[in-house]
Amino acid sequence: MPYNEPNPAEVRVLSKRFGIPNSQSIDVYLANEGYQAYERAAKMTPDEIVNVVKASGLRGRGGAGFPTGMKWSFLARNSPKPKYIIVNADESEPGTCKDRLLVEFDPHQLIEGIMIAGLAATSNQGYIYIRGEYRYLIDIMNKAIAEAYDRGYLGDNVRGTGWKFHLATHTGAGAYECGEESALLESFEGKRGIPRIRPPFPAVAGAYQSPTILNNVETYAAVPSIFRMGGEEWAKLGSPKNGGTRMFCLSGHVNRPGVYELPMGFPLMRMIEEVGGGIRGGKKLKAVIPGGSSCPVLKAEECNINMDFDSLAAAKSMLGSGGVVVMDETTDIVAVALRIMRFYAHESCGWCIPCREGTTWLRKILLRIYEGHGVASDVDLVGELSKNMLGRTFCPLGDAAAMPTIAFVEKFRHEFEAYIQKQVPAAQPDPLLQLASV
Amino acid sequence: MPDPVKLTIDGRQIEAAPGTLLINAAKAAGIEIPAFCYYDGYSLQAACRMCLVEVEKTPKMPTACTTPVAEGMIVRTDTEQVRRARKMTLEFLLTNHPLDCPVCDKGGECELQDMVFRYGAGGSRFIENKWHVDEKQWSPVVFYDGPRCILCFRCVRVCNEGMGVGALGIVNRGSVSEIAPNEGDHLNCDECGMCIDICPVGALTSGTYRYQSRPWEMDHVGTICTHCSNGCKTTLGVRNGEILRGNNRDRSGINGEFLCIKGRYGFDFYNHPERLQSPLMRVNGTLQPVAWSTALEAVARKFTETKNAGGKFGVIGSTRTTNEENFYLQKFAREGLGTNNIDHHRSGDVVTLLDALSGRANASLATTADLYTSKAVLIIGADLSLEQPFLAFQVRANFRHHAAKVYVVTPEPVREDKYAARSMRAAGDPIWGALDQMRDALANEAELVILFDDSIKGEGVRRLLEFGTALGKPVKYVALVDYANSRGAVDMGLTPDLLPGYHASPQRGLSLDEMINAPDLDVLWVIGANPLSRADLSASSPFLVVQDMFLTETAERADVVLPAASAYEKSGSFTNVCGEVQRLKKGLDVMGTKPDLEIIGLIAKEMGLAATVGPWIADRVFDQIRRTVRGYDVSLPVIATGGAAQTAPVNGRISSTGRPEMIRSVHNDLFASGTLGRYSKILNSVLEKTEGEVEPIEAVHR
Amino acid sequence: MTFSPELEAKIERMFSQYPPDRRRSAVIPMLMYAQDEIGSVTRELVEEVARRTGITPLAVDEVVTYYSMLHRMPLGKSHVQICTNISCMLNGGTELWEQATRRLGIGHKEVSADGKISLEEVECMGACSWAPAIQVNYDFYHQVTPQKLDEMLTQLGAAR
Ligand SMILES: Cc1cc2nc3c(=O)[nH]c(=O)nc-3n(C[C@H](O)[C@H](O)[C@H](O)COP(=O)(O)O)c2cc1C
Ligand code: SF4
Ligand code: FES
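Chains W, R and D, in that order, give the protein sequences.
Letter by letter, the first sequence follows residues 1 to 438 in my numbering.
Letter by letter, the second sequence follows residues 1 to 702 in my numbering.
Letter by letter, the third sequence follows residues 1 to 160 in my numbering.
These are calculated hints, taken from the structure and not from any lab test.
Among the hints, a few may not be true.
[What the hints assert, rightly or not] No more than 20 Å apart at the CA atoms, straight line, and that leaves these computed lysine to aspartate or glutamate pairs for EDC-like:
hint: 1; chain 1: R; residue 1: 87; chain 2: W; residue 2: 380
hint: 2; chain 1: R; residue 1: 418; chain 2: D; residue 2: 21
hint: 3; chain 1: W; residue 1: 143; chain 2: D; residue 2: 6
hint: 4; chain 1: W; residue 1: 81; chain 2: D; residue 2: 121
hint: 5; chain 1: W; residue 1: 143; chain 2: D; residue 2: 12
hint: 6; chain 1: W; residue 1: 143; chain 2: D; residue 2: 139
hint: 7; chain 1: W; residue 1: 364; chain 2: D; residue 2: 121
hint: 8; chain 1: W; residue 1: 191; chain 2: R; residue 2: 219
hint: 9; chain 1: R; residue 1: 130; chain 2: W; residue 2: 302
[As the list claims (entries may be wrong)] From the structure, some residues in chain R lie toward chain W, with a derived Cβ separation under 8 Å:
hint: 10; residue: 46
hint: 11; residue: 89
hint: 12; residue: 173
For glycine and all other residues, C-beta sits at the position ideal for the given N, C-alpha and C.
Work out the full structure, taking the sequences as your base and the hints as a guide.
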């Protein structure tokens, strides 16, 4: 059973089978337009498939919003090496819980999307990298894969077409960084989740140094509907350059939190009020993290915004992974900033200096402020250290830690200052601090 | 050569080969881009972020260590933004790095200190607690201090990629990441110390040197390691007449950054408590300390008597004395004592190789550099990584950097198997069968270097060269030998039948074994060798004179023992396994000892033969060698400035190739080198630790 | 070291999923499933995984110490993981965490004296819209209230 009631504002394309009894089974899937998209794609050339995806305006649902059709077109299809399809089901961005539902309630939709990517890539092998905490999803996925083998949708001769395509699951073991695509590939190969130097990108040297298409679960899950509807039609569901629908994970202080499938560009305030049922307890809205913990926070007055990649980028934030975290007027921003930094410091892989030391130092300063030992210069220091991580780390985790922090101190400076002034009598500076400061 | 790429760095037009990394292109133009994790020759990390630079049209600052040059690229390495990034990275780094520079071994030689001095800020805004873990000892020679570690991963790479050992890894995640040894709490490895040398800070320190000295208090003496035939340059840190460390300070030798455990730590035999520091003479059956004059006089008297009486001399020379000493010794023996009974322990058939090479097209001697550049290498017999560590390092680096093809024919599995194009197991005659099977593959290579040990000698060497020539490709050869100057000893004519430079002796003398077994020897003079550890002197009881550092099995039986200086205590030259001559530089004096050259000179003087043999001054003797020994007319400046010059004594047939069947290698491994190794505390402690089966020194040396 | 027949079969299947020269890919799955069976990642297990995948024990250690779900010390029979990340925190996750530590008298990654329960404060586990969330071993519990947590702990055998 899905975890929240559907909402009338939803446009259920990817989630259309959610709630149908036994929606995981291949029979239910087949009875509900299942594997029709594959049949359609199987008649196309790889280039034609890529063009349909391009026309759909689908942009990666893992966070960065890179146009999926373009990504597929970069694949080094002429390479003599095998091609791989990798599914990023590592879903660990705080605030995000949608891939879980897509696997739990409609695993065959995902398989079908992967197969179409496989056709586009002339690949014979796919792997689904699922975070270790989602063990039950691995079981669900394995069962669905077994069914697909049984019915000839996977195997050495898919549906008698002569195309060989195999699919398997792979478990992670607890590491946010392994959601980053190149760290994921390392982890998949049985190593520490340390990102790789790029270029080369996965399209040229991904899994086992072979050409690889790597996308988020939701991205693949969107593909069957694109092929059923046609790219252009699917694009029209969303806003310009932001095709289709999106799974939004509404959480925090709303009356009806849940995962809702809404058109791209859906207004944020409507999402909170109409879909989420408004702020709990009749409180006032304070702020929203619009796309997972790494996205800069929006103040209440900035929330009249359409939820798509471009609108949020214009507001200097991001649509990210679709995790919409709503915070009411009672929310302690310092506590939120600290909790988020604790997360990044815990998850930094430790490879590069600015991220490894920066997140740790920031965590220590924020904790100090929170515990009442902040000094006046700390607020600026937090902002400055974050800015000095930004753009200088080995992978985007450093940016993911820096960006929200910069926004917190810029937009809610007074809350940090309140902590500091309340606690530290200005007249008695600690001599130790004098010595140590520049 | 493809056309060079033109780019601009800091306003200067620069050309670089396509593919050159920005950091190297800048360096070639004299522009320093700072780096911790980048290290030439090892895999790229882009981890430290010190090398960020501005590149026009690139929104984020890229790492110069991973960005190749591109046509028209405009790079800035000295802008406000770049400077701020460097300073900030250093401030980040120092949040967890203890500022214990005053007691850190690396102080004064620390790259982090240098970087902060140049690019950093004196102050820090970090006022929280630093993360601390205690220092750990991983082996007798390797200590690790986690908090000092800046996680540049150089040690991990040098161990894995450079040495092929892979004993170091990275554990934990984030700011508590650490380097870890392969056995949980200790290392099981070659103990080469390469990780310590390459560490930019004081995180890895050496068990023998730590807390001994500040680097600037020492004299740094670049000399040659005395342990094996590879001839690595090692820089001794000497303070107050004591050697405190050996390392690779300026990486200027043929070995670049390489040193094995023997080169780095094995110098410590020089102050072993059992080191001889006074001449000894047998009085009433026991060896008693006597003055140098007494001992020299006794030796000279006996030598003169024997010579005058037409008695029989035997002279056994050394594989670890200098070319000058060897040359002088044979001259003294032949012209002063009038004997050709002179020989040394031969461990590889250099003579037959030189003979077989002469007049042959497409065949020559290989240099150590050739092992790094040749497209293919064939190793026959030796367990190269253990017996010839630097040569093995070269071959490995050649494989890593140039994808060289490596072929192996050995009796047992060897480390080279891991990356060899083809490995076969064979010893004795089956070697030829194995080579036959490899023939086609080898013939497909553009060029080849063949290394062979004592399993190929005499006619075998000729057969091998026939095999090489038949491949129809340029082939270079190395006849592997055991000791620091094994090669110099043959070149200098320490043989009964060949004079220096392989000229035939008019009259053949006795070989080493023949001397030992001769029933009528009157005098046996042994310089820096220990023949009686393997053989018994039962056929006769000659007057035995021994020059050595220790009371070896041979010295114990001597009538006179003369305490000799080690190679670290004298000047002169060594010739390594590839025929490369390098200078020794004297680092210190050990009281009571004299260099063998001086000892021989003083005996000659005492006998009134000084005029015949000439002055016993190393430079003067080397002059004579350059003028008279075939192949040794090498460029003096090269040698004088610490370089290596290859001698190639190949230009004519050699009339006699001795008795190759007498050639035998002892196949010393990483932790042994005959007498020197036996008296090295550190080699023994490492052996005890890693193998737990080696008897203490006293027991070994009964 | 031998595993249960079920795990052996699973491992066999795992190896068949990766290209034959890529056995190393099985390292993490093998560690995860073996840990479930054995209770923790023991030295013996590290060596066994190294042997079966053809890498060094050190390379396995590097992996084990990186991932937060691989534990070198045995956990409790029920491993109670409480999320305090942002969405859960906004919905009382931190309070649940404090409640659990107080009731059990143990902290992060500690095990109760009787070995029945261990606690871990975890990062976001993908239950944000149904916060606050708890995972016991691999089972999710959503919208956990203090009362529900109390009952849960009692059921898992925590002393009153
Ligand atoms: C630190 C970090 C964590 C990430 N975590 C995830 C994740 O859990 N799931 C995901 O799909 N993408 C994640 N990404 C994004 C991936 O790197 C990659 O862009 C994405 O999987 C590509 O798929 P898409 O094009 O379908 O979005 C993460 C990126 C970073 C930098
Ligand atoms: S930014 Fe650096 S330390 Fe952080 S996760 Fe990425 S590579 Fe690792
Ligand atoms: S040298 Fe470029 S990142 Fe370290």
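Outcome of the hint check:
With a C-alpha separation of about 17 Å, the suggested pair residue 87 of chain R and residue 380 of chain W falls inside the 20 Å cut-off, and the hint holds. With a C-alpha separation of about 15 Å, the suggested pair residue 418 of chain R and residue 21 of chain D falls inside the 20 Å cut-off, and the hint holds. A threshold of 20 Å between alpha carbons decides the hint, and for residue 143 of chain W with residue 6 of chain D the separation of about 16 Å falls inside it, so the pair holds. A C-alpha spacing of about 43 Å is found between residue 81 of chain W and residue 121 of chain D, which places the hinted pair above 20 Å, so the restraint is violated.
Distance check on the hinted pair: residue 143 of chain W and residue 12 of chain D sit about 18 Å apart at the alpha-carbon level, within 20 Å; holds. Annotation: proposed proximity of residue 143 of chain W to residue 139 of chain D holds, straight-line Cα distance about 18 Å (limit 20 Å). For the suggested pair residue 364 of chain W and residue 121 of chain D, the alpha carbons sit about 18 Å apart, so the restraint of at most 20 Å is met. Taken as a hint, the residue 191 of chain W and residue 219 of chain R pair is broken in the structure, with Cα atoms around 45 Å apart against an allowance of 20 Å.
Between residue 130 of chain R and residue 302 of chain W, the direct Cα distance comes to roughly 39 Å. Violation of the 20 Å bound is thereby established for this hinted pair. Because the beta carbon of residue 46 of chain R sits about 5 Å from the nearest beta carbon in chain W, less than 8 Å, this interface hint is met. Here the hint on residue 89 of chain R is kept, as its CB sits about 5 Å from the closest CB of chain W, short of 8 Å. A hinted interface residue such as residue 173 of chain R counts as satisfied when its beta carbon comes closer than 8 Å to some beta carbon of chain W; here the least separation is about 5 Å, so the hint holds.
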